[in-house]
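Engineer: Take the sequences, apply the hints, and build the full model.
The opening position of the sequence shown corresponds to residue 12 in our numbering, with each subsequent residue numbered one higher.
These are computed hints drawn from the structure, not numbers from a lab. Just so you know, these numbers come straight off a predicted model, no measurement behind them. Ideal Cβ placement from N, Cα and C applies to all residues, glycine included. Fair warning: there could be bad hints in the mix.
What the hints assert, rightly or not - Simulated restraints, written as ranges between beta carbons of each label pair: (1) L277 with D60: 52 to 62 Å; (2) N67 with N119: 32 to 42 Å; (3) L154 with D60: 19 to 29 Å; (4) G117 with D60: 42 to 52 Å; (5) I166 with L277: 19 to 29 Å; (6) P148 with N237: 13 to 23 Å; (7) L49 with E178: 36 to 46 Å; (8) F187 with L145: 43 to 53 Å; (9) L145 with R169: 28 to 38 Å; (10) N119 with G235: 38 to 48 Å.
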Amino acid sequence: MTNVLTEHRPEPSVVTRARVSLAQGFNIATLGPVLALLLAGIFFTIESDRFLTGPNLSLVVQQVMVVGTLAIGQTLIILTAGIDLSNGTVMALGTIVMTSLAVNAGLNPILTIALGLLVCAAFGALNGTLITRLRLPPFIVTLGTLNIAFALTHIYSREQTVSNLPEALTFFGNTFRLGQTNITYGSVLTLLLFLIVWYVLGQTAVGRHVYALGNNPEAARLTGINTRRLLLGVYTIAALIYGIAGLLLVARTGVGDPQAGQTDNLDSITAV
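Structural biologist: Below is the structure:
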C-alpha cells in the first residue's frame with residue numbers, strides 16, 4: 012500500500028486574491044484602450060509636428076485637469092465596487108461656497124476654500140453613511156445626493172455666476188515657465204494628487220484594504236478589516252478630492268458657476 016502525500020498550500024488571503032483579480036482585470040480591460048491611445052498618439056504625431064511639443068501637451072493637461080482630478084476620486088469609489096454620480100454637482104456646490112463667501116460675504120479666501128472643501132467632504136460622509144448604515148446601493152444614494160447638491164447650489168447662488176474673485180482663489184490658474192513651456196500650478200497639483208493616491212493604493216495597507224473591500228466585502232470583514240469605517244472614509248476622501256477639483260475649476264475659469272459639473276460625473280467615470 013502506497014501512501015500518497017499531498018502538499019497543503021494555504022489559501023491566499025483576501026488581499027492577495029483582490030490584487031491578483033485586479034491585475035487580471037487590468038490586463039484584459041485596459042489592453043484595448045491603451046492600444047487605441049497609442050495609435051491615436053502615433054496618428055496625431057504624424058499629422059502634426061506640434062502634437063508632442065511642450066506647449067501643446069501643457070494645454071492638454073490644463074483642459075483635462077478638472078475631470079482628471081474628479082476621476083482620481085471616482086477611482087477610489089469604483090475600487091470599492093461602488094459608483095458616485097454626485098461628484099460633479101458636489102464639486103459645483105463647493106465652488107459656489109468658496110466664491111460666494113469670499114466675494115459676497117467678504118471672508119478670507121483661504122477660509123472660504125477650507126469651508127468649500129468641508130462642504131464637499133460632508134457630502135461624501137453623507138454618501139458613505141447612507142451606504143454603510145442603511146445598506147442602500149451606491150447608485151441610488153449618489154443619485155439622490157446629486158439632486159440635493161444641485162438644488163443647494165442653485166438656491167445658494169440664486170443661479171448667479173460669481174466673478175471678481177480674489178487672487179487666492181485663482182492662484183492655481185497661474186503659470187510658471189519650464190523650458191519653453193508654461194505650466195499651470197493646477198496641473199502640478201493634479202499630478203501630485205495622482206502620485207499620492209497611486210502610492211497609497213499600491214504601497215500601503217490602506218490601499219490593499221480598499222482592493223480587498225472591492226473584491227469581496229464579506230471576506231474583507233472576516234479578515235479583520237473594518238469595512239464600514241473604510242467605506243465611509245473612501246467616500247469622504249473622494250468628495251474632498253472633488254472639492255479640490257472645484258478649486259481647480261475656479262482657478263481655470265475665474266468664476267464660480269452654478270451650472271458647472273452637470274455632466275462631469277459621466278466624464279469622470281469614462282476616464283476611470
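Engineer: It remains to establish, for every hint, whether it holds in the given structure.
Structural biologist: For each hint, the structure was consulted:
In this structure, L277 and D60 break the distance hint of 52 to 62 Å, their C-beta atoms being roughly 34 Å apart. Between N67 and N119 the beta carbon distance is about 38 Å. The supplied range of 32 to 42 Å therefore holds. About 46 Å separates the C-beta atoms of L154 and D60, a value inconsistent with the hinted range of 19 to 29 Å. Judged by the Cβ atoms, the range 42 to 52 Å given for G117 and D60 holds: they are separated by roughly 50 Å.
Range check, I166 to L277: about 24 Å between beta-carbon atoms, so the 19 to 29 Å window is met. Evaluation of the 13 to 23 Å hint for P148 and N237 yields a pass: the beta carbon distance comes to about 21 Å. Between L49 and E178, the C-beta spacing of about 41 Å keeps the proposed range 36 to 46 Å intact. Between F187 and L145 the C-beta distance comes to about 47 Å, which sits within the given range of 43 to 53 Å.
In this structure the supplied range 28 to 38 Å holds for L145 paired with R169, their Cβ-Cβ distance being about 33 Å. Checking the proposed 38 to 48 Å range against N119 and G235 shows it holds: the Cβ atoms sit about 44 Å from each other.
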